[in-house]
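Residue numbers (the working numbering), protein chains in the order written: chain A, 1 to 288; chain B, 289 to 520; chain C, 521 to 855.
Hints are computed from structural coordinates only; laboratory data are not their basis. Mixed in with the good hints there might be a few duds.
Stated by the list, open to error - Counterexamples of contact, computed for chain B against chain A with all Cβ distances above 10 Å:
hint, residue
1, Ala296
2, Ile312
3, Glu353
4, Pro354
5, Pro359
6, Pro372
7, Ser398
8, Leu407
What the hints assert, rightly or not - If we take Cβ atoms under 7 Å as the criterion, some of the chain A residues that face chain C in the derived model are:
hint, residue
9, Val34
10, Phe94
11, Ile97
12, Leu98
13, Val106
14, Asn109
15, Ile148
16, Phe228
17, Gly264
18, Leu266
19, His269
None of these values were measured; they are calculated from a predicted model. All residues carry an ideal CB built from backbone N, CA and C; glycine is no exception.
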Amino acid sequence: MIWIETMVNGVLYGGLYGLLGVGLALIVGVMRVVNLSHGEFIVLSAFVGVSLAHVMPGVHPLILLAPVAVIAFGLGFGLQAVLVNRVVTRPDPFASILLTFGVAVVMRNLMVEIFGADPRNLPAGRLAHASTTIAGLSVGVLPILILIMSVALFTLLQLVIMRTRFGRIVRATADNRDVVRLMGVNPGRVYNVVMGLALALASVAGMLLAIRSSFTPYSGVERLLISFEVVVLGGLGTFWGAMVGGIALGVAELVGLKFDPNAGPLYAHLLFLVVVLMRPNGLFGARP
Amino acid sequence: MTLLEVDALDAFYGDFQALFDLTINVDAGETVALIGANGAGKTTFLKCLVGLIETKRGEIRFAGEPIGREPAERISRLGLSLVPEGRLLFASLSVEENLTMGALNRRPGSWTLPRVYDLFPVLRERRRQMPNALSGGQQHMVAIGRALMSNPRLLLCDEISLGLAPLVIDQIYASFARIRAEGASIVLVEQDVKRATSAADRVYCLLKGRVTLQGPARGLARDQLSRAYFGA
Amino acid sequence: MTKVSRLVLALAGVAAAAGPWWLGDGPMRFLSELFLMLAMAQTWNLLAGYAGLVSMGQQVFVGLGAYSLFVTSIALNLAPFWVLPVAPLVCAAVAAVVALFLFRLREAYFAIGTWVFSEVVSLTISKIERLGGERGMGLPTAKLIDPRWLEPLTFWLSTATAAGAIVGTYALLRSRVGLGLMTVRDNDLAAASIGVDVWRCRFVAFVLAAAGCGLAGAVSFAATLYAAPSLAFDPNWVVVMMFVVLIGGIGTLEGPIVGVIIYFTLRELVTVVFNLSAGWYLVGLGLAAIGVMLFEPAGVWPLLRKRLGGDWLSVRRQPPATQPIGGTAGDSAAG
Chain A
1 MIWIETMVNG VLYGGLYGLL GVGLALIVGV MRVVNLSHGE FIVLSAFVGV
51 SLAHVMPGVH PLILLAPVAV IAFGLGFGLQ AVLVNRVVTR PDPFASILLT
101 FGVAVVMRNL MVEIFGADPR NLPAGRLAHA STTIAGLSVG VLPILILIMS
151 VALFTLLQLV IMRTRFGRIV RATADNRDVV RLMGVNPGRV YNVVMGLALA
201 LASVAGMLLA IRSSFTPYSG VERLLISFEV VVLGGLGTFW GAMVGGIALG
251 VAELVGLKFD PNAGPLYAHL LFLVVVLMRP NGLFGARP
Chain B
289 MTLLEVDALD AFYGDFQALF DLTINVDAGE TVALIGANGA GKTTFLKCLV
339 GLIETKRGEI RFAGEPIGRE PAERISRLGL SLVPEGRLLF ASLSVEENLT
389 MGALNRRPGS WTLPRVYDLF PVLRERRRQM PNALSGGQQH MVAIGRALMS
439 NPRLLLCDEI SLGLAPLVID QIYASFARIR AEGASIVLVE QDVKRATSAA
489 DRVYCLLKGR VTLQGPARGL ARDQLSRAYF GA
Chain C
521 MTKVSRLVLA LAGVAAAAGP WWLGDGPMRF LSELFLMLAM AQTWNLLAGY
571 AGLVSMGQQV FVGLGAYSLF VTSIALNLAP FWVLPVAPLV CAAVAAVVAL
621 FLFRLREAYF AIGTWVFSEV VSLTISKIER LGGERGMGLP TAKLIDPRWL
671 EPLTFWLSTA TAAGAIVGTY ALLRSRVGLG LMTVRDNDLA AASIGVDVWR
721 CRFVAFVLAA AGCGLAGAVS FAATLYAAPS LAFDPNWVVV MMFVVLIGGI
771 GTLEGPIVGV IIYFTLRELV TVVFNLSAGW YLVGLGLAAI GVMLFEPAGV
821 WPLLRKRLGG DWLSVRRQPP ATQPIGGTAG DSAAG
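Isolated chain A (complex conformation) (with noise of 0.2 Å):
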């Protein structure tokens, strides 16, 4: 009973690992880019959401997640208006990763001297740990509530990109940055909203996360791996496929945790590498 009820509980917090990975994976599809800043936007996120907890007391943190995504948009826009569309024309493929990477760095180590290294946490109150039981099995109702959120966003994501017209921009400048410009599009803007776009929904995940454990400066790291992992894992192209992989990841590392207690996310990363051994297009193989 153990195993299937952390098993069920692996499926619900996957959907959050999922959510983490989308937004790296929208960027990746649209633009080519591995943003390696995306760990340290998603601990920021949490750090602003903490910050407004204690301005606001009387808010429950899950009231905090829309001015948080907004603000992580607002900041998704900015690091590509002014950083990352200078180097997104440029040949060298590595360009934008050690760029983001420098972002990560000076990020990270600035939050360690703003707001110090102690971990902290999103008090969510009774909800946090509340279960209910399903079918008998025990579940938290936290949980199943990041499930319903993470489902609802990806479905939201999906239908803005395949049936709006802003989506269908996004798609075609994703696959001709030039030709789209014949027809008045210029592709720049269009990366500064999807970078928002996606530094918002991971910021979500990011509250979400700080919410279920604690944080410090240095979890951006995992944060970047896990979402990564995910992408890798889902094979590019494709917003389920990111779920999924998600899933597959919240499987593994709680079932491992569960005959490991001190493996924190080696069994994830252990999955992580044996998927990429097999299939390195990812389990739903897209264009690398």
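Got chain A sorted already, so can you dock chains B and C onto it with the hints?
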């Protein structure tokens, strides 16, 4: 009225000069053919017109307005539309979505989605399919349709007969009559000299980035053309 | 190499050998650290600047080098410096195996894949109690060394490691594999089409870089007499390696030298002169790296080279002079 005036245009790829002192004109209502061998500079020229290549020397005026230093996004609103070499359709978008992308910058005019489907009926049946499910000729039709959706005053066609069966090329060239009738002028870049000269009013020939011949399409002798095309 | 360069090198060699007698303990320790960082940077430069492999997990070899030294030294009850060769050998072996599956990933994916691998190794070692787990392990066999020689030995070994890294990289690049590497860096598709074995060139570079890092890591931790996963596998190793190379000048042998000087200057400025906490120099380093990537991707060395004139450690080859008919062949491949 002169729609397009290109004056002493030079174009570079880095340090490599691709176009030398080009002077080319297109009048409203005309169809002008630009012929030349591979590497003569025809595609480069079109890219300069639409703003994909920055030009620092020489002038380009469209309907009297200087566009030589404008970015592509802005030029697209003025009525210049390109059917790129190799079609370059958006692979993640369906046929209909590709066409609607062309309408993002539409000027007032008669080309609408139903009209484009009238011109190329086969596209209506395949409107929800992805470009890679279409044949080469059909993809060309989508590319032309996409360019038409903005109601251009000047349609630039880059090697639209490349790789197509003669019957299909006939079909596509037949559509030019309709396009002209709706008021667009056309610049036709081709390697196939016969096609180009039969469809156009005037011809320019390019060789290694320079104009080597210009004149009315039907008045040019074969050996004259040959010399201009291949060099003496 | 010109006569002047040979003289300068000879003098530097003598100065280094005599180091412990004219340098105090503090400066010696500082220089040891600098030389080891230079060695590591050269290995990262070999990977990224010449083989086109951006590794963000290079710290795994620093840590493996350290741990393999500690374990061997304790197991054989020998003074650590005697078993130093174990470190590069173990790292080379691990690199050879890991390359087999990491090389399936390209570009950014390879970069992060190496990082994941490093985390896996770090987490695994944290769970092994015999290796001290998370708390780490000490180096009791250090007692077998006369304490007066600990600092000098470390200094000589650091100098030798740095010199070896530079000489080794230079030799590799002047060899056939090296020529292949440089074509791969510029255009791997074109390289493959002329018959360069892209995979093999990268493999050799990856294994050698791992060995170099392992040696530097082993010397570094043997000097501190203590290794723990959080220190040995700290991503900051690769952060510094990477930024030193980027800022100094990627793809040149002189670049990491310039970069290391800039790094240590920045660090001392921030921590000693401005008396700020250590995190701030990393902020400065990150900002410098961002600046370089945006405005001067080739790094500082190419700018200096124009001012100072001349390459010091160029690996560029001269094509053989054409033979005059009936005459003698000209010189080929000048330094």
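Verification of the hints:
no., hint, result
1, Ala296, "holds (25 Å)"
2, Ile312, "holds (20 Å)"
3, Glu353, "holds (16 Å)"
4, Pro354, "holds (19 Å)"
5, Pro359, "violated (8 Å)"
6, Pro372, "violated (6 Å)"
7, Ser398, "holds (19 Å)"
8, Leu407, "holds (19 Å)"
9, Val34, "holds (4 Å)"
10, Phe94, "holds (5 Å)"
11, Ile97, "holds (5 Å)"
12, Leu98, "holds (5 Å)"
13, Val106, "holds (4 Å)"
14, Asn109, "holds (4 Å)"
15, Ile148, "violated (30 Å)"
16, Phe228, "holds (5 Å)"
17, Gly264, "holds (6 Å)"
18, Leu266, "holds (4 Å)"
19, His269, "holds (5 Å)"
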